[in-house]
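Please model the entire structure based on the sequences and the hints provided.
Here is how the chains run, residue by residue.
Protein chains: 2
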Amino acid sequence: MRNLDHDSITPAVLARLADTPDPRAREIVGSLVRHLHDFAREVKLTEAEWLRGIQYLTATGQKCDDTRQEFILLSDVLGLSMLTVCMNNQKPPGCTESTVFGPFHVDGAPHFEDGADLANGAKGEPCEVSCTIRGLGGEVVAGATVDVWQADAEGHYDVQYAGLDHPQARGVLRSDAQGRFRFRSVLGEAYPIPDDGPVGELLRATGRHSWRPAHLHFMIQAPGYETLVTHVFRKGDQYLDSDAVFGVRESLIGEWVRQPDGVWRLDFDFVLHRAQAA
Amino acid sequence: MRNLDHDSITPAVLARLADTPDPRAREIVGSLVRHLHDFAREVKLTEAEWLRGIQYLTATGQKCDDTRQEFILLSDVLGLSMLTVCMNNQKPPGCTESTVFGPFHVDGAPHFEDGADLANGAKGEPCEVSCTIRGLGGEVVAGATVDVWQADAEGHYDVQYAGLDHPQARGVLRSDAQGRFRFRSVLGEAYPIPDDGPVGELLRATGRHSWRPAHLHFMIQAPGYETLVTHVFRKGDQYLDSDAVFGVRESLIGEWVRQPDGVWRLDFDFVLHRAQAA
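Protein sequences, first through last, are from chains D and L. Under our numbering, read the first sequence as residues 1 to 278, first letter to last. Under our numbering, read the second sequence as residues 1 to 278, first letter to last.
Derived by calculation from the structure, the hints in this document are not laboratory data. Treat the hints with caution; some may be incorrect.
The list makes no distinction among identical chains, and a pair is therefore deemed to hold if it is satisfied within one copy or across any two copies.
List of simulated lysine-lysine pairs, DSBU-like, C-alpha gap at most 35 Å [to be verified]:
| # | residue 1 | residue 2 |
| --- | --- | --- |
| 1 | Lys123 | Lys235 |
| 2 | Lys235 | Lys91 |
| 3 | Lys44 | Lys123 |
| 4 | Lys235 | Lys44 |
| 5 | Lys44 | Lys91 |
So, in structure tokens, the structure goes:
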């Protein structure tokens, strides 16, 4: 274990993992070491670039707080989040597809009665959303817990407004005996992901825009079914083909239609996948 | 750019990097994306493991402050630091080898006259160190700037003592007209790297110890020569074959010899590599 060179160091580090008690931890850390070393060798990483990487990761960690998760954003823009979603949510055709969770969900959002207005003062044109939840066999899914969250007309989530002391445009609903749930809110708009930190710096350095197409987040949980984390994207949005976080699915594009009274309306149905035996 | 799956997402992310103005940035970020995705696919990373990774990196960044660099420690224990050192410091036989910089160097340490005592109150048995700096052709290197830093008898660097208001066991010297420099200090001991943070958690989870063999850090800078960042390790240390950061070189092991008066003495000579044309 002396005189390691830039090739022999990799098996030496792997050998040092041999006593890892949990085989899954050994597998993950070992694979990480091999790929990290391969990356450094492939680009012939200089010491100055290594230090820049250390500083970048440090700044990313230090940008995180109760309402900002810069490492999730970094994972999102590098495609790692969506890759992980794809691998872990392979479902039969007909099931609603999953997409990224994103950094803006809040645990413990307020519960609302069916049909309620979740906007709670959020800026934007009024809209109403009507959905049904079914299983793949066509059975209705009653009593599902539905988390909804979204950006407002300015493309901001409530947690991005410093000093705002109550939730806006987010809430928890429950599907009724027919598997339906409805709510009112505001029309969300496309928005740039937060770009005043290390992730924004990376996007600028790589000549990329930071925009996500307009979308509405859903997390649907029901006993006996896999939890569904997804969005409904807005038909016609200019960023559907260049989502900064690679999350768009054709099947998740919904049409918000403007009614004669000026209220936008979305109808969208979800199909859950039965939970599989472990 | 819709309906990406866990394979097609990788070329999609790489395509998004096509407008990166700096070709080196494009190369590095592109390689990072490929290896990161390959890692996730290889281990079939679950969503829970992904989130654990996000939390781990966040905690690592948040552990960093003015005197603690947890991402350097992480890079060190994963072998990435030493790999980078190896790739960037390939020198002809006869030159003093490089090793890791580590997280404990401090810019602007106090300057000392030749022969001075750098201990400045650090705990430990007294020692004196005598060195000569030459070039590969045998020429003496006069006027070199020599940074020295080390742990004390308890295995701690000065910056690890909360409330200590002055440097201990570190300083800057200059080689004389014969390429020599000498100083007194204390005998450093083997020590565990700081293990009260995420890196300690990783070492415990992988069944690894956190110890480094006793060593003395040097950074030697002289006009016309490559800067040398290295250690001298103490002969006989029990951790020479299992350094937590993989930094030991046989050629860097020095012998501290106890003199009749109880003072330890190390003689060690350095050979610098001429700076190469850019």
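Taking the hints in turn, this is what the structure says about them:
no., hint, verdict
1, Lys123 x Lys235, "within (21 Å within a copy, 70 Å between copies)"
2, Lys235 x Lys91, "within (24 Å within a copy, 60 Å between copies)"
3, Lys44 x Lys123, "neither (50 Å within a copy, 41 Å between copies)"
4, Lys235 x Lys44, "between (44 Å within a copy, 33 Å between copies)"
5, Lys44 x Lys91, "between (40 Å within a copy, 16 Å between copies)"
Hint 3 from the earlier list is the only one contradicted by this structure; the remaining hints agree with it.
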